[in-house]
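Using full-length UniProt numbering, the first residue of the sequence shown is number 1, and each one after it goes up by one.
Keep in mind the hints are simulated off the structure, nothing from the lab. Mixed in with the good hints, there may be bad ones.
Beta-carbon label-pair distances, calculated as ranges [said to hold, decoys possible]:
#  : residue 1 : residue 2 : range
1  : L64       : P265      : 48 to 56 Å
2  : H260      : G146      : 43 to 51 Å
3  : R66       : R293      : 15 to 23 Å
4  : L148      : R124      : 26 to 34 Å
5  : I249      : V118      : 38 to 46 Å
6  : R56       : A266      : 49 to 57 Å
7  : L257      : V46       : 32 to 40 Å
8  : G146      : F259      : 17 to 25 Å
9  : R290      : R56       : 13 to 21 Å
10 : L123      : R293      : 27 to 35 Å
11 : F259      : L9        : 25 to 33 Å
12 : M263      : F60       : 26 to 34 Å
13 : R124      : G146      : 34 to 42 Å
14 : I258      : R147      : 21 to 29 Å
Calculated lysine to any residue pairs in the SDA-like style (CA-CA distance at most 25 Å, straight line) [unchecked claim]:
#  : residue 1 : residue 2
15 : K167      : H210
16 : K167      : P68
17 : K167      : S94
18 : K166      : L119
19 : K167      : L157
The beta-carbon is built from N, C-alpha and C at its ideal position, and this holds for glycine as well.
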Amino acid sequence: MTPLRLGYLYGFGAYLLWGFFPLYLKLLRPAGPMEILAHRIVWSVVFVALLLAAARNVGFLRALLRRPRALAGIGAAAALIAVNWGTYIYGVNSDRVVETALGYFINPLVVVLLGVTVLRERLRPAQWAALGVGGLAVAVLTVDYGRLPYLALVLALSFAGYGLVKKRLGLPAAEGLFVESAVLALPALAYLGWLTAGSDATFGHVSVGHTALLVAAGAATAIPLLLFAGAANRLPLSGLGMLQYLAPILQLGCGVLIFHEPMPPARLAGFALVWVALIVFTVDALRNSRRARARAAAVATEPAPA
1 MTPLRLGYLY GFGAYLLWGF FPLYLKLLRP AGPMEILAHR IVWSVVFVAL LLAAARNVGF
61 LRALLRRPRA LAGIGAAAAL IAVNWGTYIY GVNSDRVVET ALGYFINPLV VVLLGVTVLR
121 ERLRPAQWAA LGVGGLAVAV LTVDYGRLPY LALVLALSFA GYGLVKKRLG LPAAEGLFVE
181 SAVLALPALA YLGWLTAGSD ATFGHVSVGH TALLVAAGAA TAIPLLLFAG AANRLPLSGL
241 GMLQYLAPIL QLGCGVLIFH EPMPPARLAG FALVWVALIV FTVDALRNSR RARARAAAVA
301 TEPAPA
């Protein structure tokens, strides 16, 4: 199998798992969002530690401890991903899967906005148009919900910020996830200890299957991230960008078709505006990518100066 095909296989696997993740989270009830989040963190540390030990790749920790700025960045990344995971779990288990899907639909637009505000990037006219249509979509959805779609906005902002920090850190997927989860593990363990002391923990008290599902949250977190890393290393950015819409499409399908969440006309209109913005954004990105490749090919074929 060629690296490109393997990359697409990894990418489809990652986004399929993320797309159907609401089905898994629903199975973890009656555990509350904070208990699920704590188990997700703790078992992620255990699962990834076993992977790293099997690969005999633990020496990176010593080098990392000598980089205080990197450690500060990891702390920021850990806080952002905890907010993202906790918000997502709360959204799914409070029957707002459609709103969580919206967050991941608008995430690419928030990434562009961060590029302007944080990295001082200059946008092309089509990108400004996509942001404008996205802003209009949020306004329409605010009217429909009677409030800001804050779950979607928190998810989009936290994941875009997480991506920005991770890009600057440049850590491999497994090592990065291990350190981020390890930063959060002590508070997570303390919370689980407090729940257990107060007899409010569901772990070990509902059924064997429920306990096994909570333990499996570590693997369910790590596996799609590792598949995504494998895809990112093999696919062009344009191919990876097209795949990213698969997860929120599947999440939206879960919300509407499986969990029967409402989709009134005004909400559908808001989502339609988001999709228009994403089409404009994607077409512009593909066109710009082709132009960049054409310029690179032209430079490569130019005769060398005598």
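Structure-based check of all given hints:
1. L64 x P265: 48 to 56 Å: 52 Å, holds
2. H260 x G146: 43 to 51 Å: 21 Å, violated
3. R66 x R293: 15 to 23 Å: Violated, at about 39 Å.
4. L148 x R124: 26 to 34 Å: Roughly 28 Å apart at Cβ, these two residues keep to the hinted range, so it holds.
5. I249 x V118: 38 to 46 Å: 28 Å, violated
6. R56 x A266: 49 to 57 Å: Since the Cβ atoms of R56 and A266 sit about 56 Å apart, the hinted range of 49 to 57 Å holds.
7. L257 x V46: 32 to 40 Å: 34 Å, holds
8. G146 x F259: 17 to 25 Å: For F259 against G146, whose Cβ atoms are near 21 Å apart, the range 17 to 25 Å holds.
9. R290 x R56: 13 to 21 Å: Taking Cβ atoms as reference, R290 and R56 lie about 43 Å apart, which means the hint is violated.
10. L123 x R293: 27 to 35 Å: 21 Å, violated
11. F259 x L9: 25 to 33 Å: 29 Å, holds
12. M263 x F60: 26 to 34 Å: 46 Å Cβ-Cβ, so the 26 to 34 Å window is violated.
13. R124 x G146: 34 to 42 Å: Once the Cβ atoms are compared, 35 Å apart, the range 34 to 42 Å for G146 and R124 holds.
14. I258 x R147: 21 to 29 Å: 25 Å, holds
15. K167 x H210: Distance of about 36 Å is beyond 25 Å: violated.
16. K167 x P68: 17 Å, holds
17. K167 x S94: 32 Å, violated
18. K166 x L119: Holds. K166 to L119 sits at ~14 Å (cutoff 25 Å).
19. K167 x L157: 15 Å, holds
The structure fails hints 2, 3, 5, 9, 10, 12, 15 and 17 (numbered hints given earlier, in ascending order).
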